[in-house]
Amino acid sequence: MWMDTPLRRADRALAPEAAEALLQTGSYGVLATADAEGLPLATPLNYVLLDGALYFHCAAAGHKMQNLAARPQVCFCVVGEAQPVFHHDFTTRYESVLAFGNASLVEDDGEKTRVLAALCEKYLPTHMAQAPAAIAQSLARTAIVRIEISRVSGKANRAGGT
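Each residue of the sequence shown is one higher than the one before, starting from 25 at the first, in this note's numbering.
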């Protein structure tokens, strides 16, 4: 189902462990979806990686959720460090990873609670004392989406030259 196109610059490929580390530590990602007619939508999101799956929270309705219902196949992009440099030419030091998979709505309240707690821990670790009450208050109206990752492709240019 997924195209397995090799990287043009194979020398810049991230090892699987490095790609997973970037997914674990990235600040945000961009979710790429398509509607029933194939029109694309790219949505920036905060997210968390748990047990090998990506999770994000959102409203239960909207453009993104319509796309996921029509076509659950997604791509999720995370960009880590990026810095323009002049090294005898114009280039950029960067690291990025693409995760491909199928998205599905999480129905189990226990799993939803665990994901929301992990999001709180990742983004607001100094406020974990308030997290359980906030999670309980918003659980019913908050959608959680799981992306089961089927393939990951990472790439980096750390040297700064071409």
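Heads up, a few of these hints could be off.
[As the list claims (entries may be wrong)] Distance ranges between label pairs, derived from CB positions:
# : residue 1 : residue 2 : range
1 : H151      : Q97       : 29 to 37 Å
2 : A160      : H87       : 39 to 47 Å
3 : A83       : G62       : 35 to 43 Å
4 : V103      : P40       : 29 to 37 Å
5 : G62       : A153      : 22 to 30 Å
6 : A39       : A158      : 35 to 43 Å
7 : A60       : E105      : 31 to 39 Å
Bear in mind the hints are in silico, worked out from the structure with no lab data behind them.
We put the beta carbon where it would ideally sit given N, CA and C, even for glycine.
Checked hints:
Here the CB-CB span from H151 to Q97 is close to 35 Å, well matched to the stated 29 to 37 Å. The hint said 39 to 47 Å for the Cβ distance between A160 and H87, and at roughly 28 Å that hint is violated. Take A83 and G62: their Cβ atoms lie about 24 Å apart, and the range 35 to 43 Å is violated. In this structure the hint that V103 and P40 lie 29 to 37 Å apart at CB is violated, the actual value being about 18 Å.
A C-beta distance of roughly 46 Å is found between G62 and A153, which places it outside the suggested range of 22 to 30 Å. Judged by the Cβ atoms, the range 35 to 43 Å given for A39 and A158 holds: they are separated by roughly 37 Å. Take A60 and E105: their Cβ atoms lie about 37 Å apart, and the range 31 to 39 Å holds.
The structure does not agree with the numbered hints 2, 3, 4 and 5 stated previously, though it agrees with the rest.
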